[in-house]
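Chain B: place on chain A using the hints.
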Amino acid sequence: MLFPPPKPPQPRRIVVTGAGIITAFGAGWKINAEGFRSGRTAFRRVTLFDVSRHRCKIAAEIDLPGDLPPNRLSPGDLRRLQRASRLLLLAGAEAWNQSGWTPHGRLPLVLGTTSGEMCLGQEYLCQALQTPLCFKRQAERVTHYLVQQQGINLANALGLQGEVITISNACASGANAIGHAWELIREGRAERVLTGGYDALCHLTFAGFDTLQVLSPSPCRPFDAGRDGLTLGEGAAVLALEDLSAAQRRGAEILGEILGYGATTDTHHLTQPQPDGNAALAAMRAACAGAGLTPDQIDYVNAHGTATPQNDSAETAAIQAWAGARAATLPVSSTKAGVGHLLGAAGAVEAVASLMALRGQWLPPETSVRTPDPACRFQVVRQPVDAKITTALSNSFGFGGANATLIFRRWP
Amino acid sequence: MAVSRVFVHGQGAVSPAGWGVPALWASLENKRPLQVQSLVRPGWDKPLPVRLVPPPAVRPAFLAHPRLRRASPMTHFAVGAALEALGQDADLIRSGGLRLGILTCTLTGGISYSRRFYEETLQNPATASPMIFPETVFNSSASHLAAFLGSSTINYTLVGDAGTFLQGLAVAAGWLDNGLAEACVVIGAEEPDWTAADALRLFDSRAVHASGAGALYLKSRCPSHAPVELAAVTDSFAATRTPGRNEAARKMRAQLPVGAPDELLCASERHSPAWNDWTGKVLTPVEILGEAFAAASAWQCVAACDAIQHSRCAAANVSITGASLQAIAARFVNPHLFKTPEDLSP
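Protein sequence lines correspond, in order, to chains A and B.
Quick note, the first sequence lines up with residues 1 to 412 if you use my numbering.
Quick note, the second sequence lines up with residues 413 to 758 if you use my numbering.
These aren't lab readings, by the way, just hints derived from the structure by calculation.
Computed from a predicted model, the values in this text were never measured in an experiment.
A couple of the hints might just be wrong.
Below 27 Å or equal to it, Euclidean Cα-Cα: the simulated DSSO-like pairs (lysine-lysine) are [as the list claims (entries may be wrong)]:
| id | chain 1 | residue 1 | chain 2 | residue 2 |
| --- | --- | --- | --- | --- |
| 1 | B | Lys663 | A | Lys7 |
| 2 | B | Lys443 | B | Lys693 |
| 3 | B | Lys458 | A | Lys136 |
Pulled out of the complex, with its shape left as it was, chain A reads as follows (with noise of 0.2 Å):
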């Protein structure tokens, strides 16, 4: 039963048993981890669809592997796979055979993305509006468009049982989405859960971040004095999380622990942040309350940094406003400067990005930040570096004013 759940003695520990990330670095823990300590970027301009018109025309765009890791979907299923499905799958697979878990018994599937496969979305509006009589195909893109259907896809690739859930809280879903997971495990709802977000890039979106001018027509610099707006990217992210205990007991290589979470909600704007970043504050506070943790305890900071002049304001005043006397030392620095704003995946990257900065004990930097901005008073990371971290802090906003954080600890 969903509600009443059973409940445990005392909150459990969350660990992370398994993660797959496909980027436009590239497919795979591997390449990612190479990609975010060296503070490579990924942009070129945009293959997708048609750019020759709008303000900006570039983006951290998927070269997409040909074929699929194996599962156990029908060759007429992997045929209308499109684009978000196989990123889902090509993370999820991965997450899922580190994990080492069967598919036994019910496990909830929870994801997190913005906008599904929108690019069936458009072409269902396209012929519709193009040729009204013919219904060609048009079932099969309505049924593949919505949201929950790459859930679907996901969980008949992998053979799961449970409950699917999708959050959509613009930027922030990928987040709360392993926030979300986390709770259900801790509370007692689950034993493991799969979660994680994705998004693919496609033309409304893109057109949509264009129009609001909050595009840059050049790379992005996160936390850079002349930033002048963010990159999109696409891409997956998947975590497989279960009880600690669970974990030990078949011996599964754990990959980090999530220890808390935190999520608020912005009423400043629909679009905008709240300039003293104090919704981001409410949610960076919620999580370490959760964790039991001081800004002192938290050895690096994975930023939210679109690269938009009011997000990096906004989260700079957030993060100093939190972090007091330590801001002076705190390393800071936003992954979104290799692999551009993967909107509903990013929570879920970004997660899977400091996992890899403390299991490699490194730091991710943005190498292309100039000058940084004078307001931030923390070390904005722009250099490879090694170091000791035991503990990253992750920041997720979004549209709407959804705020999410996530702390994780290295493992042991």
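This is chain B only, laid out in the frame that chain A set:
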């Protein structure tokens, strides 16, 4: 083991029957399908059949709020239903005296603005309206409601089929249980657009697309007057995988009590083999109001709670076999007649 308890403290509905729960219930009691209206479908001579929300008798004051003036129809419906459900507690939330979690559930989201924005983009991206795009984001309705109420507590927008509203109830129960919120409003909302009506027709030529919203207001404390308890939300059983919808519905049904003649079933479809053994009354709001996905499942729950509150039944089950995702059900009871959740044992 401790068992969570969640009570319904208010309901709200905006539907083709009108603005408010009384209008919804009156239409359901009447048992006659509401009149079908026409929606122009570009490129077709024949319009699409729909059931639209009629204009409110009195323009709601909330529409004057700066965040709501340009908002989508879905947002207007969602806020209307939520405020009716919250009642006087809206002022308490505004004053910071109550931490409200907001859960909005939808299938199609702000589809009319999405369609409009993409049509503008296709014509000329340089002149596509930047005012419209933010309203296309799935969580815009939850955001506007939070801004209207000044609520900075957690909010989620869940996207999925009709059953997602019941998943939302379970998520809200979790928030109440772990202290993330002191109260929660769960909203199902959809808006009218020819693309949604057109798409629905591809799967069911007899279906009539409808729009609107429904909301339940939940707390952990039992209300003093006419209480309704959320007794159960079943697991979500995949309705697309082998062995299919009927088997999923059967598993869902098996998690609920057998039922009694004085109980009500609010179902998303009249003839589901899973409920062949049901001896109580059956209500199928979709036959009267139309197919409105997450809003329709919210109306089912609103009707179930309203029936218990007005002593029309002692308990009510809400059964949903979603279009493409899941079979799931919820059970509401009069807690004075069903003392503890242990009474739920099948």
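Hints, verified against the model:
{"no.": "1", "hint": "B/Lys663 <-> A/Lys7", "verdict": "holds (23 Å)"}
{"no.": "2", "hint": "B/Lys443 <-> B/Lys693", "verdict": "holds (13 Å)"}
{"no.": "3", "hint": "B/Lys458 <-> A/Lys136", "verdict": "holds (19 Å)"}
In summary, this structure violates none of the numbered hints.
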